[in-house]
Structure formats: structure tokens, C-alpha cells
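Trainee: Here is how the chains run, residue by residue.
Number of protein chains: 2
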Amino acid sequence: MTNGQELHTTLEWRVHAPDGTVEILVQEELGPRWRLFRWMHGLVAEFIIKLSTFMLKAWNIGVNDPKKFIHCLKVGTALSLVSLFYYMRTLYEGVGGNAMWAVMTVVVVFEYSIGATLYKCVNRAAGTLVAGVLGFGVHWMAIQCGEEIEPIVLEISVFLLAAAATFSRFIPTVKARFDYGAMVFILTFCLVSISGYRVDQLFEMAHHRLLTVTLGASICIITSMLVCPIWAGQELHALITRNLEKLSESLDACFIDFFADRGVKNVSHGYFSKMNQAYKCVLNSKTSEESMANFARWEPAHGDFKFRHPWKQYLKVGAAIRSCAYCIETLNGCINSDIRAPETLKKHLKDMCVSLSSYSSNVIKELAAMMKTMTKSSSIHISIGQMNIAVYELQDALKNVPSQVVVQILQASNNSINKETTNTRPLLEILPLATIASLLIELASRVEVIVKEVNQLADQADFALNSNSGSKETHSIT
Amino acid sequence: MTNGQELHTTLEWRVHAPDGTVEILVQEELGPRWRLFRWMHGLVAEFIIKLSTFMLKAWNIGVNDPKKFIHCLKVGTALSLVSLFYYMRTLYEGVGGNAMWAVMTVVVVFEYSIGATLYKCVNRAAGTLVAGVLGFGVHWMAIQCGEEIEPIVLEISVFLLAAAATFSRFIPTVKARFDYGAMVFILTFCLVSISGYRVDQLFEMAHHRLLTVTLGASICIITSMLVCPIWAGQELHALITRNLEKLSESLDACFIDFFADRGVKNVSHGYFSKMNQAYKCVLNSKTSEESMANFARWEPAHGDFKFRHPWKQYLKVGAAIRSCAYCIETLNGCINSDIRAPETLKKHLKDMCVSLSSYSSNVIKELAAMMKTMTKSSSIHISIGQMNIAVYELQDALKNVPSQVVVQILQASNNSINKETTNTRPLLEILPLATIASLLIELASRVEVIVKEVNQLADQADFALNSNSGSKETHSIT
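Chains A and B, in that order, are what the protein sequence lines are. To convert, note that position 205 of the first sequence is 1107 in our numbering; the numbers rise steadily by one, no gaps. To convert, note that position 117 of the second sequence is 1019 in our numbering; the numbers rise steadily by one, no gaps.
Just so you know, these hints were derived from the structure itself, not from any lab. Just to be clear, a hint being listed does not mean it is correct.
Note that the list lumps identical chains together, so a pair holds whenever it fits in one copy or between two copies.
With a cut-off of at most 25 Å between alpha-carbon atoms, the simulated SDA-like pairs for lysine to any residue come out as follows [said to hold, decoys possible]: (1) 969 / 1205; (2) 1267 / 1293; (3) 1182 / 1072; (4) 1301 / 1281; (5) 969 / 1062; (6) 1267 / 982; (7) 969 / 1034; (8) 1249 / 1288; (9) 1301 / 1190.
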């Protein structure tokens, strides 16, 4: 529209002198170098800001869970130890050029928890051995067939065994325990059967390689066990305990939020909303629970956990906790939906709902304490009893609702007020509250499932009997 | 208690001859060899039975998802191809003893989906390059420091960089995209910086290694892309579609189950119970959805999916689907709990609940069809409208419940029957039904969230407009 005319939009600085003259300050033209510098400067500044926020985030991850820092230092230590072999001439010459395999083993095998490290070590060893023996066998067989057919036999064996081992990784039981082993099997079998065709000193190579891999694996196991050990079993135990605590927190928070007075609600909203979300971590913890239980099976006895600790039972407890969390999720949806219950009804049901939810939450807290101290609680039956009484009371309160409503209507009809307009209101107004009450009752029954599973765990794992759960809190394992 | 006396508990065979005499048949003593044979025989038989059930299970896994068989054949093919290099003397001598690295790359990098394979290839390449350059740099620096200090500088650099790279794997954004790259970085850096101290022909080694790794990676990519490609993006799309279908199945089944007549229920119980469990897969699909979405980002355009297909939006759709599944889980708990609602009430609410659930299920089915055909449905608004009408009708039906009850009570009080005994029953009897109705209304609101997310996906991914969804079913991508 401006047809080639450029609009003059730069700023002008005018200096009004006391004698009335006006001087216009002209901005100096910036040279291309200066502009490039400014552009670079902006770029660098932006990069630094992004990098620093990223570093801060990363730092916070470590601060929130110092075990992660420790793990990193452990990896560094193990690698430094293994690299020493390169610098010690006598050691290096003992294993030939294969010292590389020790480094590789440490990098690949060292995992966060001891269980995972052991799982990888055992799998690597088993996979290598089986594949090595099979590889030698196939190699020997191929040689017997003559030089012409040898490559064909080897090719076919590689194809078949690689396909079979790959398929085995899709089978759930194999995947859970030997996934890594199957991969190592394929790798070693290919290396042995193929390179057997070339390398003449196959036996010597195998011997050296085995030596270096064992060296690397032992350095991993020793470092991970001696320096601040992180046990998968203990982590699983702590995760389940934490999930129980989160559940009770969410349960407490969601009712304080719902029934709070307006003033209190506004002040505390941020805090409770955050608490309310605690159960969301529980909803998706299945995968990590399963992998931890898998790794825990490989661990020796440690701390309060014996060799055949019932790790499978933890998965059942976890499933029961999740089933409660689903219920809380739905409850949260109902609470957040638009409720226009009359204040009188709210007050009528308030005490019952709050007491039931707090008794349920108490039971869950007691279970968390049981897990934390690894003791059987003698007072849990009392808490369950209180929860059940609260269930009956709530049911009783619900029973009394319609009678009150009906009485009002009867009075209204006695006073000759049109009953059509008054008696269609009640159920829809009660409905959200009745649903919440009903979900709370359902929740209580699910809490009892958790109690059952935790008790079974306590029996299987021989938790000590504790008559006074308060005084033994000091024996906490976490 | 028997004080050393052994009880004679073996069986006796007595033959009563016609002349009255009794002959006792003595069992022949089994020789130790025979017993060993029998024991071995039993052991082998048991092993064969266990093995055959295991093989049958494994076979069924493959039959249910033939893509798994295909993947295994692809791995076998890729390994056979790469092992050819060992047999071709000219190729082998070109890369020295490093042909091993090609085999290793294929075994480690070849994954189920193309996205995962590309992710690993890119990560391996990037990790190797960065670590290689850095390793050379550190190695050069260490040489400048003199022979005495050289190992110390190398040790410190290995410790620091390994710890830093290990820590980076804990940061969620890095873990999602570069977890494997970080591991390869540590591995390569250690190998380069440490072996640099020994191997004099470092550059030549790096050159050969790079060549072989590239060779292995290209074989992987070519095989996975050309032979029956399995795209992570397509799998994610199919997973979300299947989850929608499962949701609607479960919704249909759980109400047929609940409101069915006794006779029908008993006959069909097994079938519907199985259908009912379909939503359980949806509850725990978050992890696999996230990993698929991660891999899908690495894939080039394929089929109906463009390069920048909104994979992140799939996660939002998945979350909305899961939120519905939580609701169904709770609903299922309520339906399975002991309900003693009077038949008249059941009938009153039955039509409303069934129609709402079937309309909700229809909306979900329509969404599944939208996803399957990748077209915008013009009839979805009608289905949503029908669902909303069903919500209003159900709310209306609930409104009418108390008035009916009240009318009965009013009539009862007119007939001078004691009102105390009749009017305390209603709400507790309505409660389970009212809860189910209320949860269905909540479910309908969550279905609308899915609709919103799927529509957003349709906008972002430019789904074609489809005026007649029935006739275009043939364009299905699965």
C-alpha cells in the first residue's frame, strides 16, 4: 500500500537549548561488525540462560535424590579402576589386547541398583557361556563338512539361532529374566561362530576374553556392593511405602478441599491441590514396580530382607494400592464437578464423609508405618474397626436423608403447598453427595483389600510383632 | 512312637486257588539300574511336557501377532548379511579385524520398530562422534603434560566425564531422547582415551571402526525399512485405536452383564467377563505409549503420517482414554458389589442407563473409526448430541425417582400405615443405582474430553473430511 515509500519510524532525540534552539541528535549508524557482535552476544546470552536453567533442573534432580549423585560417582570410580589395567604394563600384557573387554563390560553392566547389576552380570555370563559352547560346536561341525560347505552351514546356523533367540525375547517369562542374556547370546554366538572361520587362536581368545569380562564384572559388583549400596528390593519396599503415604495424603487433602469454608479453601488451595495430585504417581507405577521386583529377585539377603523375600507379594500390594488410586481419581472428578448441594445437606453428610475418609486414611497410614518398620501392627484391627463403624454411620446418615426430605414434604403437603414443585428436587441435589458417599464406601472396601495383601506380606516375610507401633518408629529401614 | 519297628506297608497280591490254598505273589525287586531308568524316564517326560507347553505358548504369541515372527526373520537376515563380510576375503581385508564391529552394531542396534532402530543408530553415531573427538582432545592434552602426568590426566577425565554422562541419563528430557547415546558416549570415550595410550595407529583404528559401524547400521536400516517395515508411529496409532475399541467393548459388556436377566447372564457370563477385562490393558498402557511416541519422532514420513505428525497429541488422547478407563474400573467395582435394588426401580433406571452407556460407547466407537480411517467424521456431532440427550434423560429419570417414592409414602400415610418403617428404606436402596447413574454421567463428560483431544489431533494431523464414514472403511490403514 505504501508503494515503495519507506516509513521513517526511527526515534528522534531532540535537545531543547535554553536559547530556544532545538538540536536533533542523530543516532550513529551501526557497522556490520558491531551488529554481528550484538547478534552473537544475544545468541550466547540466550544459550547461557537456557543452559543454566537446564543445569539448575538437573542439579535439583540430584539434590532431591542424592543416591543419583552417588551412583554417578560409583560409575566413575569403577571405570577409573578398570582403566588402571591399561596403565599397569604387567597386567596389560597378561591379557593381551583384550583389556578393552573389561572396560566395555563395566560400561554395559553397571546399573543403578545391585539387583540390576547382578541380573546383567549373570545374564552376560550365562549368555556368553551357552553361546560360546554352541558356537564352538557349530564351528566344529562346519569344519567336518568340508571347506566348500563350511560358510553355508555357519550362515544357516547364525540365521536360525539369531531368529530363535530374538523370538524368545517376546515371551514374557523370558523377557522378565533373560532379555539381556538373549541379546548377549546372539552377539557371542555370531562372534564365535563367524570369527572362528578366521581367527586361528580361537581358544586363547576365548580364554582372554573370559578373564577380562570376569574382571570387569567383579569390579562392577564390588563397587556397587561396597560403596553406598542401592538395593532394588529396598527401593521397591520404599516405593510401596511411599505410595501408601501418598494415597493417604491425597485422601486427606481432597476432603479438606471439598468441605472447607470458602476462606480457608482459598488460602490453602495451592497446598492442597499439590497434595491432591500425589495419587497420580501411584496410577502409573506398575512398570517400575515390576522391574524392581524382577531385579530384587537376583539380590542376596540384605538388611531386613532375607534371600527368598516374597517380592511377588509386593506386586499384589501395589495392584491393591492402584485400585484405591483409581477410586480416588473418580472421586476427585466428582468433587471437582459442579455441585450445588444445599448447605443443610452438606452439613448433614459432612461429618460422616470426613470421618470415614480420615479413618480410611488412618488405616492406610498405619499400613505405611507397618511397612516402614517391618513390624506387624496390633492396633491395625482397631483402625479397621473404626473405619467400618464409620461406613455404617455413613450408611445410616444416608438412610436418614430421605426421611427428612419426606417429612419436609409431608409437612409441606399438610400446609397445602403444591407438592409437585417441592418433591422433584431432592434426589438430583443429593446425587453428587450420595455418589461421593458411595465411592467412599467402595474405597473403604478397597482399603480392606490392601490390608489383606499387606497382612499376607507380613506373614510371608515374617514381620516382627509390635505391640506399640509408636515406640519402634526408630527401627525404620528407610 | 514305633520305636524302631518298621510298619510293613507294601501291597500284597493273594491268589485264591479253587482248592482253597492261598498263594502270595511277591513283587519282584527292582534293580537299581531299572529304578534309575524309571526316574530318568519320569524326569525326561516331565521336561518334555513342560517344554511343549512352553513352546505352544510361545507359538501362540507369534500367531497372535505375526509381526513378531517377521521381526525375528529380519534379525536373522541382517546378521546373515553382515556375516557375509567375513567370508568375502576382499571385503574382510579392507577393514582389518574390525569386521566384528559390524556384527556387534547389528545385534545391538536392530530393534522391533524402525523408529527404535533409527533412534539407536543416530544415538550410536552421535555418541561415538562426540566421544571420539573429545577422547582425541583429552589424549592430545595428556601428551602435552608429559609422560608422568599423562595417566593421571586421563584417569581424571574418564572419572569426570563418565560421572557427568551417567548423571545426564537421569534427566527426563535426555533420557527420553539420548539415553543410549549417553551410554555409547561413555563407552567410546573410555576406549579412545584409554587405548590411545597403547595403540599407536589410533587414527587408522578409528577410521576402520567408523566404516564397519556405518556398514552395520546401514544394513539394519535397510533391512528394517525394506522387509515388512514396522513403524513405531503406525503401532502407536493402532494402539490408541485399539484402546478406544476396548473401552467401548468394556462399556457395552459391563451393562449387558449388570442388567441381564438371570438366564441370559449365566449363559453369557464367561464371554462378557472376558470382554469386561478389556479396559484393564488400557489402564497400564502409558509407558508403552510414551516409548512409541519417542521412537515415532525419529521416523521419516510413512503411509498417512507426515514428517511432523503430532505424536505428542497421541499422548494426550491416551491420557483421556485412561481417565475414562479409571471411571469404568470404579463403575465395575460398584456393579460387582452386592446390589439389592428393587426390581421396579431397576426397570425404571435400566433403559436410561443402558441407553446412556450405549450412546457413550457409540461416540467412542465413532472416534475409533475416525482414527482407523484417519478422516474427520461429520456424524460425530450427532452421536455426541444423542449422548448428551441421554444424560439429560437419565438426570430426568433420577428426578422422578423421589417423587414416585414420595407419592407412595403419601398414599401410605393416607392409608394410615406407619410411615416410619416405610420411608427409611428408599435412599439406601437407590444408592448403588444412583451411584452408577452418576458415574455414567461423569463418564460421559470424560468421553467429551476424548472427543476434544481426538478432534485436536484431527486438526493438527489434517485428517480428511469424510461425509459418509461407512463407505470409507476400506481405506483403513491397519
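Trainee: Each of the hints needs a verdict: does it hold here or not?
Mentor: Taking the hints in turn, this is what the structure says about them:
For a Cα distance limit of 25 Å, the shortest separation of residue 969 from residue 1205 inside one copy, 18 Å, qualifies, whereas the shortest one across copies, 45 Å, does not. For the homomeric pair residue 1267 and residue 1293, the shortest alpha-carbon distance inside one copy (18 Å) is at most 25 Å, but the shortest distance between copies (39 Å) is not. For the homomeric pair residue 1182 and residue 1072, the shortest alpha-carbon distance between copies (21 Å) is at most 25 Å, but the shortest distance inside one copy (30 Å) is not. For a Cα distance limit of 25 Å, the shortest separation of residue 1301 from residue 1281 qualifies neither inside one copy, at 31 Å, nor across copies, at 45 Å.
Proximity of residue 969 and residue 1062 under a CA criterion of 25 Å is satisfied inter-copy only: 17 Å between copies versus 43 Å inside one chain copy. For the homomeric pair residue 1267 and residue 982, neither the shortest alpha-carbon distance inside one copy (45 Å) nor that between copies (58 Å) is at most 25 Å. Taking CA atoms no more than 25 Å apart as the test, residue 969 paired with residue 1034 passes in neither setting, with 37 Å inside one copy and 30 Å between copies. With identical chains, the CA atoms of residue 1249 and residue 1288 are at most 25 Å apart within one copy only, with a shortest distance of 21 Å there and 37 Å across copies.
Taking the shortest alpha-carbon separations for residue 1301 and residue 1190, neither the intra-copy value of 44 Å nor the inter-copy value of 46 Å comes in at or below 25 Å.
Violated hints, listed in ascending order, are 4, 6, 7 and 9; each of the other numbered hints is respected by the structure.
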